[in-house]
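Please take these sequences and the hints and turn them into a complete structure.
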Amino acid sequence: MDLHELVMATISQIDKEETENVIPPLEIVEEEEEDDGSSSTTTQFLSKKETLLKIKNIRAIASDVDGTLLAKDQSIHPRTLSAIQRAIIESSSSSERPLQYFFPATGKSRKGAFDSLGPDIASLLLNTPGVFIQGLYCVDANNKVVFERKLSSDAIAVAEDLAQQYNISIVAYDGDDLYSTEITEIVEHLHTFYGEPMPQLLYSEEGVVTTIKLANHEPCMHKLLLMDNDTEKLNTLVRPKLESLASQYGATVTQALPTMLEWLPAGCSKALGVSKLCEHLGIDPTTQLLALGDAENDVGMLEMACIGVAMGNGCDRAKGAADFVTEESNCEGGAGVAMELFGFGGTTL
Numbered sequence: 001m002d003l004h005e006l007v008m009a010t011i012s013q014i015d016k017e018e019t020e021n022v023i024p025p026l027e028i029v030e031e032e033e034e035d036d037g038s039s040s041t042t043t044q045f046l047s048k049k050e051t052l053l054k055i056k057n058i059r060a061i062a063s064d065v066d067g068t069l070l071a072k073d074q075s076i077h078p079r080t081l082s083a084i085q086r087a088i089i090e091s092s093s094s095s096e097r098p099l100q101y102f103f104p105a106t107g108k109s110r111k112g113a114f115d116s117l118g119p120d121i122a123s124l125l126l127n128t129p130g131v132f133i134q135g136l137y138c139v140d141a142n143n144k145v146v147f148e149r150k151l152s153s154d155a156i157a158v159a160e161d162l163a164q165q166y167n168i169s170i171v172a173y174d175g176d177d178l179y180s181t182e183i184t185e186i187v188e189h190l191h192t193f194y195g196e197p198m199p200q201l202l203y204s205e206e207g208v209v210t211t212i213k214l215a216n217h218e219p220c221m222h223k224l225l226l227m228d229n230d231t232e233k234l235n236t237l238v239r240p241k242l243e244s245l246a247s248q249y250g251a252t253v254t255q256a257l258p259t260m261l262e263w264l265p266a267g268c269s270k271a272l273g274v275s276k277l278c279e280h281l282g283i284d285p286t287t288q289l290l291a292l293g294d295a296e297n298d299v300g301m302l303e304m305a306c307i308g309v310a311m312g313n314g315c316d317r318a319k320g321a322a323d324f325v326t327e328e329s330n331c332e333g334g335a336g337v338a339m340e341l342f343g344f345g346g347t348t349l
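Residue 1 is where the sequence shown starts when you use UniProt numbering, and the numbers rise one by one after that.
Treat the hints as calculated values from the structure; they're not laboratory data.
Check each hint, because a few of them may be wrong.
[Unchecked claim] Here are the simulated DSBU-like pairs of lysine-lysine, each with C-alpha atoms no more than 35 Å apart in a straight line:
| no. | residue 1 | residue 2 |
| --- | --- | --- |
| 1 | K72 | K213 |
| 2 | K241 | K111 |
| 3 | K54 | K111 |
| 4 | K48 | K150 |
| 5 | K150 | K111 |
| 6 | K150 | K213 |
| 7 | K72 | K48 |
| 8 | K233 | K213 |
| 9 | K144 | K72 |
| 10 | K72 | K233 |
| 11 | K233 | K144 |
| 12 | K54 | K233 |
| 13 | K72 | K56 |
| 14 | K241 | K48 |
| 15 | K144 | K213 |
[What the hints assert, rightly or not] Computed beta-carbon distance windows for the label pairs:
| no. | residue 1 | residue 2 | range |
| --- | --- | --- | --- |
| 16 | G250 | E182 | 23 to 31 Å |
| 17 | K72 | D161 | 31 to 39 Å |
| 18 | P78 | Q248 | 46 to 54 Å |
| 19 | K144 | E50 | 35 to 43 Å |
Here a beta-carbon is modelled for each residue, glycine too, at the ideal position from N, C-alpha and C.
Now the structure itself:
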C-alpha cells in the first residue's frame, strides 16, 4: 500500500470511529516526537492525525495558475493535467468526501487563464467559479460577478506617470480587456507567451491615431502591470517608489513574476478574492479549502487556507506561509502530486 492509499485508508477509518482514542491505521506522529531522519517530510506531515482530519474536511481547491499549474514554458505536466481533470470530474461525485469546487485563483484575466490552461481544462472550468486579476474580479459558476474592485483614476494616473519616468511598459486590466499606451516587446510577450488577451491602445477619438492616458478610460481599471526585463530597476527603483505612493493613492503593490509589478486597490489581494468567493459558495476557507501557490501574491491565500501547499519552485515567502511544500516543482507536476497525496485527482504516486 502506497502513501496515498494509507492516507485514504486512514480517513475512511476516522469516518467510522466514534472515539478519538482509536488510533487509525497510519501511525500518528506526535508533535513532541523527534525525527530520527528515517521518515520523509511528506510522511511526517501526512501521518499527523490533525492533518488527516483537515484533509477529510476539504470541500474546495483553489489553485494559482502561473508557476503552479503551469510549467515555465506554459505547458501543463501530465500529472497535473490528469489530477485537475479527475478532481473536477470524479471527486465531485464522491459520497464520502465530496469535492464541491475546483477553481483557479490567479492574477490573470479569466480569458487569459483559460487560454493558457488549454482547451481540455478550459472546457471543464467554463461552468466553475473563479478568482481572477489578483482577486479583483471573482465570478460564480454562471460567470456572474460576485466580487469586484477597481483602482481610482488618480491611482492609475500616478502609476502611469511613474512608468513614463522610468521608461517601463504598462498594461491595464478591465476584465478580459487589456490596454496599454504602447505595444512594446514585453507587452506583446504578455499575449504571445502568457496567453493574456492582446492589449489594445486607447485612442482620443475614433480614427485618430493619438493615444490617451489609461487614467482617462471609463470605467476605471482593475489593476495595472508595470513591466520591464530589467528586474533590478523594477525592484530596486520602481517598486520602492510605488510603495511610497500606495497609501496616498489607495493602492498596494504585489508581485507574481520578477519582470512585473502589480498595482492593485488598497486592501485587495488574491486572498481577499478567494475569501469573498468562498463566502458566496458557502465554503469556510479556514477549514474546507486546499490552496496551491508559488509566489508572493499567493502568501495570504496559503496562510488563510485550511491546508496551504507551496510548490517546490516557490519563493521563500510562499514556502514559509504554506503548511506543506512539495518536493516537486511546477515543471515536475507538483500541483498534481499535492492533489493526489490529499486524495484528489489520482490514486498512484
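Tell me if the straight-line CA distance from K54 to K111 falls inside 35 Å.
holds (33 Å)
Verify the proposed pairing of K144 with K72, using a straight-line Cα cut of 35 Å.
At roughly 31 Å apart (the allowed maximum being 35 Å), K72 and K144 satisfy the hint.
Do the alpha carbons of K150 and K213 lie within 35 Å of each other, as the hint requires?
Given pair K150, K213 holds - Cα atoms ~17 Å apart, limit 35 Å.
Would you mind confirming whether the straight-line C-alpha gap from K72 to K213 stays at or under 35 Å?
Holds, at roughly 33 Å.
Hint consistency between K72 and K56 [alpha-carbon to alpha-carbon, up to 35 Å]
holds (32 Å)
So if I understand the rule, the pair passes when the alpha-carbon distance is 35 Å or less; does K54 with K233 pass?
Between K54 and K233 the Cα gap is close to 43 Å, so the pair fails against 35 Å, i.e. violated.
Is it true that the CA of K233 sits at most 35 Å from the CA of K144?
violated (39 Å)
Hint consistency between K72 and K48 [alpha-carbon to alpha-carbon, up to 35 Å]
holds (33 Å)
Under the criterion that the straight-line Cα-Cα distance not exceed 35 Å, is the pair K72, K233 satisfied?
Cα-Cα ~23 Å, so holds.
Satisfaction of hint between K111 and K241, Cα-Cα up to 35 Å
holds (31 Å)
Keeping to a limit of 35 Å between CA atoms, is the pair of K144 and K213 held or broken?
Answer holds: K144 to K213 is near 29 Å, not above 35 Å.
Verify the CB-CB distance for G250 and E182 against the hinted window 23 to 31 Å.
Given a distance of about 26 Å, which is inside 23 to 31 Å, the answer is holds.
When each numbered hint is compared with the structure, violations occur for hints 4, 11, 12 and 14.
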